[in-house]
Amino acid sequence: MIAELGLALLWIAAALACLSLVAGTLFLRGGSKDLAALVRPASVAQGVLTAAAFGLLIALFVRSDMSVELVARNSNSLKPMIFKVAGTWGNHEGSMLLWLMILSLSGGLIAIFEKRLREDTLVATLAAQAALSLGFFAFLLFSSNPFKRLPVAPPDGQGLNPLLQDIGLAFHPPTLYVGYVGLSVAFSFAVGALITREIGPAFARAMRPWVLGSWIFLTLGITAGSYWAYYELGWGGWWFWDPVENVSLIPWLAGAALLHSVAVTATRNALRAWTVMLAVIGFSMSMVGTFIVRSGLLTSVHSFAVDPERGTFLLALMAIYIGGALMLFALRAGAVAEGKKFALLSREGSLVINNLLLTTILALVLLGTLYPIVAEAMGEKISVGPPYYNKVAGPLALILCLVMVAGPLLGWRKDDGKRLWSRLPLAIFAGAVVLFGLVLFGGKVGILPLLGMTVAGVVAVASLAPLWGRNLRRTPLPTWGMVTAHFGVAVCLAGMGAESAFIKERLVAAAPGDVVKVGDFAVKFVGVKPIAGPNYTAIEGTLVATTSSGGSFTMRPEARTFPGLMGTAPTETNEAALLTRPGGQLYAVLGQPVTSDDGSADRYQIRLWWKPLVWWIWLGGALIAIGAALSLLGRAQLLNIWRARRSRKSQERFAP
Amino acid sequence: MTPRLLLLCLLGALALPLAAQDRLPPAPYAYQQLKDPAQEARAKALMEELRCLVCQGQSIADSDAPLAGDMRHEVRSKIAAGESPGEIKAWLVARYGNWVSYDPPFDGATALLWLGPLLFLALGGWLAFGRFRRGANDDEEGAA
Numbered sequence: 001m002i003a004e005l006g007l008a009l010l011w012i013a014a015a016l017a018c019l020s021l022v023a024g025t026l027f028l029r030g031g032s033k034d035l036a037a038l039v040r041p042a043s044v045a046q047g048v049l050t051a052a053a054f055g056l057l058i059a060l061f062v063r064s065d066m067s068v069e070l071v072a073r074n075s076n077s078l079k080p081m082i083f084k085v086a087g088t089w090g091n092h093e094g095s096m097l098l099w100l101m102i103l104s105l106s107g108g109l110i111a112i113f114e115k116r117l118r119e120d121t122l123v124a125t126l127a128a129q130a131a132l133s134l135g136f137f138a139f140l141l142f143s144s145n146p147f148k149r150l151p152v153a154p155p156d157g158q159g160l161n162p163l164l165q166d167i168g169l170a171f172h173p174p175t176l177y178v179g180y181v182g183l184s185v186a187f188s189f190a191v192g193a194l195i196t197r198e199i200g201p202a203f204a205r206a207m208r209p210w211v212l213g214s215w216i217f218l219t220l221g222i223t224a225g226s227y228w229a230y231y232e233l234g235w236g237g238w239w240f241w242d243p244v245e246n247v248s249l250i251p252w253l254a255g256a257a258l259l260h261s262v263a264v265t266a267t268r269n270a271l272r273a274w275t276v277m278l279a280v281i282g283f284s285m286s287m288v289g290t291f292i293v294r295s296g297l298l299t300s301v302h303s304f305a306v307d308p309e310r311g312t313f314l315l316a317l318m319a320i321y322i323g324g325a326l327m328l329f330a331l332r333a334g335a336v337a338e339g340k341k342f343a344l345l346s347r348e349g350s351l352v353i354n355n356l357l358l359t360t361i362l363a364l365v366l367l368g369t370l371y372p373i374v375a376e377a378m379g380e381k382i383s384v385g386p387p388y389y390n391k392v393a394g395p396l397a398l399i400l401c402l403v404m405v406a407g408p409l410l411g412w413r414k415d416d417g418k419r420l421w422s423r424l425p426l427a428i429f430a431g432a433v434v435l436f437g438l439v440l441f442g443g444k445v446g447i448l449p450l451l452g453m454t455v456a457g458v459v460a461v462a463s464l465a466p467l468w469g470r471n472l473r474r475t476p477l478p479t480w481g482m483v484t485a486h487f488g489v490a491v492c493l494a495g496m497g498a499e500s501a502f503i504k505e506r507l508v509a510a511a512p513g514d515v516v517k518v519g520d521f522a523v524k525f526v527g528v529k530p531i532a533g534p535n536y537t538a539i540e541g542t543l544v545a546t547t548s549s550g551g552s553f554t555m556r557p558e559a560r561t562f563p564g565l566m567g568t569a570p571t572e573t574n575e576a577a578l579l580t581r582p583g584g585q586l587y588a589v590l591g592q593p594v595t596s597d598d599g600s601a602d603r604y605q606i607r608l609w610w611k612p613l614v615w616w617i618w619l620g621g622a623l624i625a626i627g628a629a630l631s632l633l634g635r636a637q638l639l640n641i642w643r644a645r646r647s648r649k650s651q652e653r654f655a656p
Numbered sequence: 001m002t003p004r005l006l007l008l009c010l011l012g013a014l015a016l017p018l019a020a021q022d023r024l025p026p027a028p029y030a031y032q033q034l035k036d037p038a039q040e041a042r043a044k045a046l047m048e049e050l051r052c053l054v055c056q057g058q059s060i061a062d063s064d065a066p067l068a069g070d071m072r073h074e075v076r077s078k079i080a081a082g083e084s085p086g087e088i089k090a091w092l093v094a095r096y097g098n099w100v101s102y103d104p105p106f107d108g109a110t111a112l113l114w115l116g117p118l119l120f121l122a123l124g125g126w127l128a129f130g131r132f133r134r135g136a137n138d139d140e141e142g143a144a
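If you're matching them up, the sequences are chains A and B in order. Residue numbers for the first sequence follow the numbering used here, so the first one is 1 and each next one is one higher. Residue numbers for the second sequence follow the numbering used here, so the first one is 1 and each next one is one higher.
Hints may be right or wrong, so weigh each one.
To spell it out: a stretch of chain A is covered by chain B in this simulated footprint if at least three of its residues, at any positions, have a beta carbon under 8 Å from a beta carbon of chain B; those stretches are [to be verified]: (1) 362 to 373; (2) 382 to 388; (3) 459 to 465; (4) 501 to 507.
Treat the hints as calculated values from the structure; they're not laboratory data. Quick caveat: nothing in here was measured; it's all calculated off a predicted structure. All C-beta atoms, glycine included, are put in the ideal place defined by N, C-alpha and C.
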């Protein structure tokens, strides 16, 4: 019954989306006010029903109802509960339903909370959001039905890809999806504003919290995904420039550009056409990413369903939405004046350069991701990987960071740069200290890590400059947010630079009792023992790491084997052991047993890395997200709304 | 190319089950570093640029696949024998094509890849700075 109810709810929600779209369109074409009154409640109901359908799908996974095809293919009754729940979105259909649920809930949230926009713009926005969700409803109901029953229920399910059986999976996809789909709201606002021609500060202020909100989730999702790859893949890499990582980075870059340009539009009523354009690009890039990952163009742990029909469906949807929005933009571009002008040396000027560099990086990441696919279609097999991105995106990113130093210190409209110059010496001094320290004492350091750490030094000091000489208690929250996020960029950059420059690696075949030196640690291999997990068996190694100062830490890396369920091949994964120290992380992996020449197999491959400051990378990511959250709190003006409501209530109480 | 590597390539080409590769013990330098740190650093840098041909977007420096292990062994052996990273890379590219290298060469097929971002930046910069120039003259009058 649960599956049938879920499917029914999806159909009703799709019908409500249809209602919002039709009623909104009729109203905008001059229909009666009554039609507009339908749109808000329909959007809210659509969000609630889709969320309920998703809840029912989770219930099916929790109950291990193997008569449902999706559960039988992707779950197993022996799996720990948390992975049964997370398994709901660890597959194609479930993740598309999650995507759709977030899309519908966002529409509902706009309908409830957005009070600043003109009525017709709001209706147009909600209609655009309904149009978006309608396409994905069609995709789900016609080609990816998650509630499909099997004619005969198998005794048990096939289980979930062991790489995905990790606590990271429970949070990584939902977080990233909220970010991806949150950008759909910016897209819908842009379409709504283009339809009613209301493009100005009011529109930008309404859009800004949504952009910030989805960007926070994108930042968290990418940071968590990076950490997952770091500890789960067993080789200690934290960014691979893998196509799947790239397509999550591209919307993040668009979001970063958008939240800076929307600031210009909201504050200065400038860059209007560009902000609208970026809002369209942002969600378009989310859809392109979903398409690339889900269509089977790439093979990776993320491509669940390699099915050309689904790929074509997504491609068609994408073409309609992106093409439609761009066409609308082209038709109305003449009516959207750029807005107020400004000088190059001004806050706006630096933000324009910021946007130029961010979109260039966006374009090159997209180019690097798509190039091998296109080249292969033309008969040329090439690979584009870290060397390319480091060479091309690296320098641009460093210049971008330097612009970030200048921007916050410049005034709006026009600036003579006096304040900028008065505050630069300390930052330049910090950069110089880092640079000379590294050149004199750092040994052989690559040029990119060297410049990275230098720029990190400059940015770390300069990012705090907007707080100097201010009353800290009166500094508005968005300023705190900006300072925190920019400081986070410096922390992240320093972590990346230090890890690349000073990593120590030791790969050995060790017998119990052997001691391996890596960095400041002497690591003793004590031995291995077999252990059994809930749905896997493992060999657990025991390593004791001692520091020169006498500290002693036990590390237990595991080599796990997940049995093949229902006829699939067994899978092996490495669980790295991590020892976090103030100066970095010690990373240990237990590999295969090694046979010696005399035939005895008592030695094991052990991989050890000392990764200086590596955790700063994710700390920086978290700081960026926290900064954006502070900014969001300030911008959403929740406090003001609450105060206004309270004073209105008290007035009503005392009214005669 | 050693017989081992040839054999593995053949196995890979025939798409035999992975288990068939697993039966062979890994080559010595697959999981063992070179004694000389300078040589190891050169080998490591090269390994990070080489694609593991049977993996999903991983370099041979961070893959557990048997083929990646054998390629690591090849790279380390050749570095130890005194070959330069450039020579080894040329040797691998001659055998596997540009697919094996994550650092695409600059040629007719990749010109757009390398120059595209520069063109984008130049075009974007030209558009943006055009605005500033006009903006300097009519300042507030341009307000709409």
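Establish whether the coverage given for the stretch 382 to 388 of chain A by chain B is satisfied; the threshold is a Cβ-Cβ distance below 8 Å, and no fewer than three residues must meet it.
-> As far as the stretch 382 to 388 of chain A goes, the hint holds, because 7 residues have Cβ atoms under 8 Å from chain B.
Checking C-beta pairs, does the stretch 362 to 373 of chain A have three or more residues closer than 8 Å to chain B?
-> Since three or more residues must qualify, the claim that chain B covers the stretch 362 to 373 of chain A holds, with 5 doing so at under 8 Å.
Tell me if chain B covers the stretch 501 to 507 of chain A under the three-residue, 8 Å CB rule, please?
-> That given contact holds, which follows from 3 residues of the stretch 501 to 507 of chain A lying within Cβ reach (below 8 Å) of chain B.
Mind taking a look at whether chain B covers the stretch 459 to 465 of chain A? Criterion is 3 or more residues with CB to CB distance under 8 Å.
-> violated (count 0)
Going through the hint list in order, the structure does not satisfy hint 3, though it satisfies all others.
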